[in-house]
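Build out the structure end to end from the sequences listed, making use of the hints.
Read off the chains here:
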Amino acid sequence: MAKNLTGTLQIVTANRLRDGQVVFLTRSGEWTSDIARAAVARDEAAAQRLLAIGTVAAAESRIVEPYLTAVREDGDSVVPVSLRERIRAQGLTFAAISADATRYL
Amino acid sequence: MYRYDEYDHAFVAERVAQFRDQVRRRLAGELTEDEFKPLRLQNGLYLQLHAYMLRIAIPYGTLSSKQFRMLAHIARRYDRGYGHFTTRQNLQFNWIRLEDAPDALADLAKVEMHAIQTSGNCIRNVTADHWAGVAIDEIEDPRIWCEIIRQWSTVHPEFSFLPRKFKIAVTGSPNDRAAVRVHDIGLRMLRDEQGEPGFEVIVGGGLGRTPMIGKTIRAFLPKQDLLSYLEAIMRVYNRYGRRDNIYKARIKILVHEIGAEEMRRQVEEEWEQIRGGALDLPQDVIDGIARHFAPPPYQVQPVFAPETERLRFEDRDFALWLRSNVVPHRQPGYAIVNLSLKPEGAPPGDSSAAQMDAVADLADAYSFGEIRVTHEQNLVLPHVAVADLPAVWRGLVRIGFATPNLGLVSDIIACPGLDYCALANARAIPVAQRISTRFADLARQHDIGELKIKISGCINACGHHHVGHIGILGVDKNGTEFYQITLGGHAGDDVSLGSIVGPAVPADQVVEAIESLVDTYLKERRDGERFLDTYRRVGTAPFKERLYAPA
Ligand code: HEM
Ligand code: SF4
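Listed in order, the protein sequences are those of chains A and B. Residues 625 to 729 (this note's numbering) make up the first sequence, in order. Residues -2 to 548 (this note's numbering) make up the second sequence, in order.
Any given hint could be a false lead.
Derived coverage of chain A by chain B (criterion: at least 3 residues anywhere in the stretch with Cβ under 8 Å from a Cβ of chain B; other residues may be distant) [said to hold, decoys possible]:
id: 1; region: 640 to 652
id: 2; region: 658 to 664
id: 3; region: 668 to 682
id: 4; region: 685 to 694
Have a look at the derived ranges for each label pair, beta carbon to beta carbon [claimed, not checked]:
id: 5; chain 1: A; residue 1: Arg673; chain 2: B; residue 2: Asn475; range: 28 to 38 Å
id: 6; chain 1: A; residue 1: Leu729; chain 2: B; residue 2: Ala316; range: 20 to 30 Å
id: 7; chain 1: A; residue 1: Glu654; chain 2: B; residue 2: Ala103; range: 25 to 35 Å
id: 8; chain 1: B; residue 1: Lys34; chain 2: A; residue 2: Asp724; range: 31 to 41 Å
id: 9; chain 1: B; residue 1: Lys34; chain 2: A; residue 2: Ile677; range: 21 to 31 Å
id: 10; chain 1: A; residue 1: Ala683; chain 2: B; residue 2: Glu96; range: 18 to 28 Å
id: 11; chain 1: A; residue 1: Ser657; chain 2: B; residue 2: Pro35; range: 48 to 58 Å
id: 12; chain 1: A; residue 1: Arg661; chain 2: B; residue 2: Ala316; range: 37 to 47 Å
id: 13; chain 1: A; residue 1: Leu729; chain 2: B; residue 2: Glu266; range: 52 to 62 Å
id: 14; chain 1: A; residue 1: Ile677; chain 2: B; residue 2: Leu519; range: 58 to 68 Å
id: 15; chain 1: A; residue 1: Arg661; chain 2: B; residue 2: Glu11; range: 39 to 49 Å
Hints listed in this document are in silico derivations from the structure and should not be mistaken for laboratory results. For each residue, glycine too, the CB sits at the ideal point set by N, CA and C.
This is the structure we're talking about:
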């Protein structure tokens, strides 16, 4: 699994237990699907502190499999370094067909 | 069609209730993820990149229209409105919420469906020729045997904790359409000298990180001995299969290590102990199951239908579709209609709820309410009267499932890849979309002829790339997607594994690479040769030379 790559900036991500949705840990200890609100750790000690919060949340059965992932800054938000994590954060890289469509466009 | 008996009903209902309670306890924090994960996997529920994925068993790929409508309902109600048909004749929903999963399974159970044996180290959903019961060359309907195997293997205590997952495929015809030589056990029906039907037993095939072609350990097994012989194989595997190393745990590794001859000896020895015992299949039991697969009440139909013939002459698209997507049926006056789930530029194998409903309606109107799922990620309406072909075609055109590309360059198999899959190295679906778009010209596709492209997003090979005429494997090079290309794989009777043509190519060069390979074939081919024939005659060299030639 692509965990910490080389970047110094890191965030904690996981999947929410009840629906599997991709979530990121915020500064206030909530879990959000908006990566722009993710708490960014600027060094390894801060990263480990964030991960510890994630581990507690996993033990409390709110989220599943928290881990650190490297990001780079992008305006007001951050973008994961790895493609896998970008896909997790941004969704499919193609348009899926919708329920009522009878044609793929 | 096979109907559940009381036992099946009670069993599936109990499993749903049990899982509902397990989900409740997990959500309440009474079960940890480590405790819960094996339980959800036993019910076909995986955690993927964006959500939970529910894998639904479609035994031997056969569905009723009622079941198909239920899949559409589940897609709408619990997912984002579509599903993905897979190479294992399963259906996967990609956006399931854990809290909804018990309700989705309860809805499925209403139409006698479930997700049992779609995960874990058990005997998985048994797959079959998708033209079972209707193919002209068929000896016997393989689904009878799949069902017998299903009943024997479902939650069999001895086989619920195998060293690794176990996949069985059955073809009822000597011509393999179920890829029997790349399964843990493949069964191929044939006749002995007296004309009695039986099975060739093939063991130790498989794809994944160590692809292997299965070995025939018995050239002919009488039908009634099937279960005792399978049980003997499973016992030998259970005893000697490696549990110490997940990468060496499949039966293919055991067969490879001890050799086919030794495997045969061990199995036969074990079989001597148990043959003729409780696993012997009495004829009346076989007949009872066979009745569930009895042909539908065909009517006498004209073999020559004037309206169909007229349209064939007047409409080129219809003529092309007849040629590539419609095949002869064993019942005179009927045809097998193959639906292409590979419209130009679409994700292979995906179907929206609306498309599923429309297919169910067509099945009711024209195919005795029956639908099949193929391992090439397409669907089949198995019993269409020749006179109804124009109406069915128009119905399929309306939902985009009438592309006349069966077996052609745009009929691509692709696994979910990095867009969905937690194990992936690279994307598969967008690559398929780009190739399909590039080769959209149907006249050109028909000129190129049979060419099977198969794409996997990692070494696990869910997209069968090892047996693609052109195989494409996604790899990760320092965080960038690259694709390794293999040539000459094939999944039929004359099975072969592809050979790597050269260094992997970057994502933005894959389509050009395929174009180059096709050009080489067109230049090298002799009259009547398919891509595979040309490759087998000339080898990798000319393909490689052109592919890696400096621009
Ligand atoms: C998205 C979740 C999936 C996961 C986690 C997954 C996992 C795996 C793994 C680990 C293997 C390697 C097994 C081995 O070599 O022992 C494998 C093989 C395979 N899977 Fe999947 N797979 C997934 C989806 C699919 C899909 C969508 C299909 C059908 C399109 C599929 C069909 C197969 C096939 C045909 C093989 C190779 C045959 C063999 O077992 O030798 N899988 N899968
Ligand atoms: S081949 Fe790899 S990427 Fe594709 S579905 Fe299988 S495990 Fe996932």
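Just to make sure I understand the rule, a stretch counts as covered if three or more of its residues have a C-beta closer than 8 Å to a C-beta of the chain. Does the region 640 to 652 of chain A meet that for chain B?
holds (count 6)
For the region 685 to 694 of chain A, does the count of residues with a C-beta closer than 8 Å to a C-beta of chain B reach 3?
Holds, because 3 residues of the region 685 to 694 of chain A bring their Cβ atoms closer than 8 Å to Cβ atoms of chain B.
Outcome of range test on Cβ distance (Arg673 of chain A, Asn475 of chain B; 28 to 38 Å):
holds (29 Å)
Does the hinted range 18 to 28 Å hold for Ala683 of chain A and Glu96 of chain B at CB?
holds (20 Å)
Please test the hint of 58 to 68 Å on the beta carbon pair from Ile677 of chain A and Leu519 of chain B.
60 Å Cβ-Cβ, so the 58 to 68 Å window holds.
C-beta pair Lys34 of chain B, Asp724 of chain A: status relative to the range 31 to 41 Å that was hinted:
Distance hint for Lys34 of chain B, Asp724 of chain A holds at roughly 35 Å.
Holds or violated: 48 to 58 Å for the Cβ distance of Ser657 of chain A and Pro35 of chain B?
Distance hint for Ser657 of chain A, Pro35 of chain B is violated at roughly 28 Å.
Verify the CB-CB distance for Leu729 of chain A and Glu266 of chain B against the hinted window 52 to 62 Å.
holds (60 Å)
Could you check the hint for me, namely that Arg661 of chain A and Glu11 of chain B are 39 to 49 Å apart, CB to CB?
holds (44 Å)
Tell me if the beta carbons of Leu729 of chain A and Ala316 of chain B are separated by a distance inside 20 to 30 Å.
Once the Cβ atoms are compared, 26 Å apart, the range 20 to 30 Å for Ala316 of chain B and Leu729 of chain A holds.
21 to 31 Å was suggested as the range; check whether the CB atoms of Lys34 of chain B and Ile677 of chain A agree with it.
holds (22 Å)
Outcome, coverage of the region 658 to 664 of chain A by chain B - at least 3 residues whose beta-carbon is closer than 8 Å to one in that chain:
violated (count 0)
Of the hints listed earlier, those the structure fails to meet are numbers 2, 3, 11 and 12, in rising order.
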